[in-house]
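Colleague: So the sequences go chain by chain: B and G.
Under the numbering used here, the first residue of the first sequence is numbered 19, with each subsequent residue one higher.
Under the numbering used here, the first residue of the second sequence is numbered 19, with each subsequent residue one higher.
One thing to keep in mind: the hints can contain errors.
What the hints assert, rightly or not - Not everything, but these chain G residues come out facing chain B in the computed CB check (under 7 Å): (1) V128; (2) E131; (3) S150; (4) N168; (5) G292; (6) S296.
If you're looking for bench data, these hints aren't it; they were derived computationally from the structure.
Given the structure is predicted, the values throughout are model-derived calculations rather than measurements.
Note that CB positions come from ideal geometry on N, CA and C, so glycine has one too.
Given next are the chains, with one letter for each unit.
Protein chains: 2
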Amino acid sequence: MQSENVTTLETYLAERKALIDGALEEFLPGAGDGPEIIHQALRYSLFAGGKRLRPILCMAAAEATGGRGEDFLSCACALEMIHTYSLIHDDLPSMDNDDYRRGMATSHRVFGEGIAILAGDALLTEAFHLLSRAESTRDDNTEKRFRVINLIARAAGAAGMVGGQVMDLQGEGKTAALETIEDTHRRKTGAMLTVSVVSGAILAGATAAQIAALSSYGQDIGLAFQIADDILNVTGDSALMGKGTGSDISKGKTTFPAMLGMEASRRRLTELVGGAASHLAGFDHRAEPLRQIAGYIMERNR
Amino acid sequence: MQSENVTTLETYLAERKALIDGALEEFLPGAGDGPEIIHQALRYSLFAGGKRLRPILCMAAAEATGGRGEDFLSCACALEMIHTYSLIHDDLPSMDNDDYRRGMATSHRVFGEGIAILAGDALLTEAFHLLSRAESTRDDNTEKRFRVINLIARAAGAAGMVGGQVMDLQGEGKTAALETIEDTHRRKTGAMLTVSVVSGAILAGATAAQIAALSSYGQDIGLAFQIADDILNVTGDSALMGKGTGSDISKGKTTFPAMLGMEASRRRLTELVGGAASHLAGFDHRAEPLRQIAGYIMERNR
Chain B
19 MQSENVTTLE TYLAERKALI DGALEEFLPG AGDGPEIIHQ ALRYSLFAGG
69 KRLRPILCMA AAEATGGRGE DFLSCACALE MIHTYSLIHD DLPSMDNDDY
119 RRGMATSHRV FGEGIAILAG DALLTEAFHL LSRAESTRDD NTEKRFRVIN
169 LIARAAGAAG MVGGQVMDLQ GEGKTAALET IEDTHRRKTG AMLTVSVVSG
219 AILAGATAAQ IAALSSYGQD IGLAFQIADD ILNVTGDSAL MGKGTGSDIS
269 KGKTTFPAML GMEASRRRLT ELVGGAASHL AGFDHRAEPL RQIAGYIMER
319 NR
Chain G
19 MQSENVTTLE TYLAERKALI DGALEEFLPG AGDGPEIIHQ ALRYSLFAGG
69 KRLRPILCMA AAEATGGRGE DFLSCACALE MIHTYSLIHD DLPSMDNDDY
119 RRGMATSHRV FGEGIAILAG DALLTEAFHL LSRAESTRDD NTEKRFRVIN
169 LIARAAGAAG MVGGQVMDLQ GEGKTAALET IEDTHRRKTG AMLTVSVVSG
219 AILAGATAAQ IAALSSYGQD IGLAFQIADD ILNVTGDSAL MGKGTGSDIS
269 KGKTTFPAML GMEASRRRLT ELVGGAASHL AGFDHRAEPL RQIAGYIMER
319 NR
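If we strip away everything but chain B, and leave its shape as in the complex, we get (with noise of 0.2 Å):
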């Protein structure tokens, strides 16, 4: 059973990334609209390999609570938007300082610095504009994805996404107490995870309750989903990174497994699987791709 599971997630996946990239390419401003070099930049960002892992949660949310992913897109889409804005900006040489992701020369290394970091303002502005474009066909909608944009924004700012940021930045060489580095990971990547999941069920129309349990997936999610990236960055071979393995090492970077060891490490990433699972105990059959992602974020690490 399990490795059919894991072919019928791996059919899902593609087929959700399929579709979003093909939503991406329809949302992004026209090439017409501003100077040629911004367009490239954000299409060579946004199409580099990414699994639209955030997309995909928003999708799936909705469908747990009974909503059709598709309905969505656009949501699903400026997470990715926001989520490869943060990449470009996280790569630069004056924060991560990294030539390659997924084995492709970084932003800043094919456009130039200013240009990547205008490439990332705009990925960042042109999210927001898409969870503002009215759509006619759905105008009840308003009221959700107003809620939807400030709970956004709330993940990507200065509390959230980029004030993780800030914290691995301010510390890089140091040790920091195992503490501040769940805080910085929960910031930085959980945050985002937790709103793409909520964003979904929000505009599906989700109970209080589903959302708060939604909400707990996704913050548990979110920090397997690090620890995970932590394990397979001393183990994992480099071709499936993208870099060089134990980078984080060579930055003086504190990691879960340097922290715990890879044992604890590995316990701790079962426990957060299993609590995610948990929190989708109340939910039917439409939140099983959920419950396979979860254990997905797992499986890649084996």
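Position chain G relative to chain B; hints supplied.
Modeller: Frame of chain B, contents of chain G only:
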């Protein structure tokens, strides 16, 4: 009458600035919300002596169309946050490489490049967080604010401000056609000035004709503002500008005086200010601040 008007306008601008500064302080994310340094960096740039032109225009446009400016302080402050983010990023070494602005060391000189980039990112994000705040006192307002978010995001994005900065960056050291320079400025400063008046008008419930007239007003003063700035950069004293006179020339930027000559630049400025005033012909005395602001753009240049 002229000098009396100017005195009245100066009082008006100072009162508005104080009101906006107080609101910005209130609207900024709390110091406990995320790492301390990011809040220091946000406040450092946000309270570095800006004139608050965009928020003042937003509130003045709301009043010209029958609203109360104070009711729209959140939108006004969001516009200032976006403006401030753009200054922080424009000053970076990979962009304009400016060490000083308004006589103060620029963000990256004080906090380092990484934090400066993140402070800009945070301000842009917090602007959308602020624009999407639920304000229980005005619950009929969501549709209008949703539309305003969309217009502001468009003005700030690849088709607007970011696009203009890209064109500016690519144009450095090259001589460009007058049309290209006007297009650059229309995007880089004009789009945000225009959306400032348009946002205030929409929120105040203006008619489509009023919004169109104010949009034309915004476009005219936007370009006028840039020409006045270019002229001041050649003739003005550096204390007033907070940066060295002639700094545009030393960077190889093509300015209006360099392109048209000083006399024709002044003529174009006069035309634009006259054009701006003419778009306000259908408005009553409540548009007086907008009329005077147009004149002020020319005045500061004397």
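Colleague: If a hint holds in the structure, say so; if it does not, say that too.
Modeller: Hint-by-hint comparison with the structure:
With 7 Å as the threshold, the beta carbon of V128/G stays out of range of chain B, its nearest partner Cβ sitting at about 14 Å, so the hint is violated. Hint on E131/G holds. Least Cβ distance to chain B is approximately 4 Å, under the 7 Å limit. A distance limit of 7 Å between C-beta atoms decides the matter here; for S150/G the minimum to chain B is near 4 Å, and the interface restraint holds. At a threshold of 7 Å, the smallest CB-CB gap from N168/G to chain B is about 4 Å, leaving the interface hint in force.
Contact between G292/G and chain B, as hinted, is not supported at the beta carbon level, the nearest pair being about 30 Å apart and thus beyond 7 Å. The beta carbon of S296/G is not positioned within 7 Å of any beta carbon in chain B (closest approach about 29 Å), and the interface hint is therefore violated.
Of the hints listed earlier, those the structure fails to meet are numbers 1, 5 and 6, in rising order.
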